[in-house]
Structures are given as structure tokens and as C-alpha cells.
Amino acid sequence: MKCEACLSLLEEYVDRELAGREAEQVGTHLMACATCAAEHELLSAEQEIYSRYDRALAISPAMWSAIVERAAPANEVAGTIPRAGLSARFVSFFRMPPLGLSFAGALVVLLLAMAIGVAYLKTRQAAAPTDAVAKKEEPRIGPAAGG
Amino acid sequence: MKRLTVDELSLEGQPGAFAATLMNSSADLVARACRGDQEAFRLIFERYSRPVISFIYDLVGNRELAEELTQETFVRAFRSLGTLRAETKLSTWLFGIAKNVAREAQRSRARHNDHVGLEDQSVLDLRDSEPVPVDRVLGKELNELIRRSLALLDDDKRLVFTLKVFQQCSYEEIAEITGFSMGKLKTDLHRAREEMRRRIRPYVGVGNEV
Chain H
-8 MKCEACLSLL
2 EEYVDRELAG
12 REAEQVGTHL
22 MACATCAAEH
32 ELLSAEQEIY
42 SRYDRALAIS
52 PAMWSAIVER
62 AAPANEVAGT
72 IPRAGLSARF
82 VSFFRMPPLG
92 LSFAGALVVL
102 LLAMAIGVAY
112 LKTRQAAAPT
122 DAVAKKEEPR
132 IGPAAGG
Chain U
4 MKRLTVDELS
14 LEGQPGAFAA
24 TLMNSSADLV
34 ARACRGDQEA
44 FRLIFERYSR
54 PVISFIYDLV
64 GNRELAEELT
74 QETFVRAFRS
84 LGTLRAETKL
94 STWLFGIAKN
104 VAREAQRSRA
114 RHNDHVGLED
124 QSVLDLRDSE
134 PVPVDRVLGK
144 ELNELIRRSL
154 ALLDDDKRLV
164 FTLKVFQQCS
174 YEEIAEITGF
184 SMGKLKTDLH
194 RAREEMRRRI
204 RPYVGVGNEV
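So the sequences go chain by chain: H and U.
In terms of this note's numbering, the first sequence is residues -8 to 138.
In terms of this note's numbering, the second sequence is residues 4 to 213.
Isolated chain H, as found in the complex (with noise of 0.2 Å):
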């Protein structure tokens, strides 16, 4: 192998990316070549400071009753997780107050807009065979008249 694709592939190396054949001959390059294994030491030393990167964050038990007060609301029960199923999930949309009751509204309106149309319907219905019955009749009833 050669520098310039030894030194192309340093960073997978690094990283634990490469695939073993690949690994293999670049670690054998870098025991070959000092000018190769002093840009290894580097990152590996650039690695050795990230690793020393402290940011000093603390996680504080009020976070967790924090989490778990504003996950609440989106279940039923609090502190209880929603059941991952599809029929839970469908059971639950019907179980939340506000959502149940507008959807029981809107369900009554909808049935009363049914049954109003199949009445009305049902009255055309049984209207239309006698203004049938009168507009056949009027022929008739017109040359009579007029004779």
C-alpha cells in the first residue's frame, strides 16, 4: 500500500470502519512507514483529547417527574405508556373526554341528517306514482274539455 491511500483511509481506520483486508494492509503500512504511523499518532491524540471533553451536565431527578407529568396527558391513566397496538391505540381515541364527546355530537347530528333524508325519500317516493297517475290523466282530460 501505498502512502497516499494509506493516509486516504487513516480516518476509517481510526473510526474502526474499515473491512478487515483493508484494515489489515494499513496497519501493516503504518508499521512500515514512520511518516504514515506520525499522522496515526495524531488522530489517535486528537482522539485522546476529545475523549477528556467533560461539559459538566448533570441530569436532575426532576427531569424524569418532568417527563412523566408531560407524557401523562397523552395516556388514559398517568404513568402508564400507551399499548403500541392498532386496537388500543383506536380504543384510546374514543376513551379521551373531549374528543368522545365532540364525536358523539357530530355522530347524533349525522344520524338525524340520515334519517330526515331517507324520510323525505320515502315521501317522494310514495308522492311520485300519483303525480304520475295525474299527469297521464291530463291529456285526456284537456281534449275532452276543449271538444
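Please keep in mind that the hints were generated in silico from the structure rather than gathered at the bench.
Quick reminder that beta carbons are idealized off the backbone N, C-alpha and C, glycines included.
Where hints are given, some of them may not hold.
[Said to hold, decoys possible] What follows is a set of in silico ranges between Cβ atoms, one per label pair, in the way DEER data are often shown: (1) U/Asp31 / H/Arg43: 32 to 40 Å; (2) H/Leu103 / U/Arg110: 44 to 52 Å; (3) U/Met185 / H/Leu103: 53 to 61 Å; (4) U/Arg38 / H/Arg61: 16 to 24 Å.
Chain U: place on chain H using the hints.
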């Protein structure tokens, strides 16, 4: 075949520890959390809250905001556990949510002109610092140097760099979290390393001292 005894199944001489470890594997915790077990989700939080808050802090550069966004990340995770696919690693999934939460916050802050950018004086001060040998850089100074250098990277480079260098994610995991192609993430990672090197090497003396 020799049968294993309870003691042989234990870890560090604690009977039952092996079984407990199996019970608390990530896959098991997710399965239990999906069934409504709050304790399982609490264990997930305990296990992953530190890497998640560190990751978010590296992206947004603000402690209070990082805490707030970590909370938001776990609330979202809590609500969407059912969407977690069996083949997805839990940490990858959580980092993905955290990335989205942090990006949304960054966009929102950018709209309000309230973000740490190149104009930030503390970031610009970095360029005027004197080189210090690596063994003389105190922990606090080193942390500040890395934090400021990270803040100077653009969003994509900072994201990829943080996931690889600090969170030790594989390229495949980074691609899954970020949605970047392998080519883009390798290029961004390489450039981010170069930029970080340019800023850090002169001040900590890497290459001169080490």
C-alpha cells in the same frame, strides 16, 4: 453436556445478576415499556439520558436549552415507543429524535436571532488565544476550547462530528440518524476534523508536544 448452575449464571458473584442483565437488555426494556411498564422506560431514561443530553448540548451549546430539549426528546420517545422498529438500535432511535428536537430549536432560535454563531464574542475570542502545551491545558480550559471550536462548525459537520467522535456511533448509525448519504457524512466528518484540528492543535500543542 455440563449444566450451568445458578452461581455460574451470576455476574460478579451476585446470584441472579445475569438474569437481571438479560431482563434489562435494550430490546427487553423497549418491549416492556411498550406494554405500559413505566419502570422499564425509567431504566431507558437512566441509561440514555446522559449521552442524549451531551449530544444535544454539543449541538445547541447551551446548558439550560440542552436540559429542556432532553426532556422533550424523552417525552416524544415515550409517546412514540410503538413506532420503534425491532431492527433499530435504541440509542440510534433516541439520537434521531434528539437531532430533530435540537434542529427544531435551532431553527426557532435562528428566527428569533438568539443563537450562538460566528458573531458570538466568546467564539471569536478563540482566535486570539495563545498556544498552550497540552499538559498545561486545564480541564476547564480544554472544555471551553472544544466547546467554542464545535460552535464554529456548521450544523451538518457538528452533527456528524459529535455522533462519531463523542458518541462513538458507527457510520451506518450516523447515516440512519442524520439521513445523510455515506459520501456526505464521510466528507463532512473529514472536514469537521480538519477544522477542529486547525483550531485545537495550535492551542493544545498536539503535534508539537505529543
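Quick rundown of the hints versus the structure:
{"no.": "1", "hint": "U/Asp31 / H/Arg43: 32 to 40 Å", "in the structure": "holds (34 Å)"}
{"no.": "2", "hint": "H/Leu103 / U/Arg110: 44 to 52 Å", "in the structure": "holds (47 Å)"}
{"no.": "3", "hint": "U/Met185 / H/Leu103: 53 to 61 Å", "in the structure": "holds (60 Å)"}
{"no.": "4", "hint": "U/Arg38 / H/Arg61: 16 to 24 Å", "in the structure": "holds (21 Å)"}
Checked against the numbered hints listed earlier, the structure breaks none of them; every hint is satisfied.
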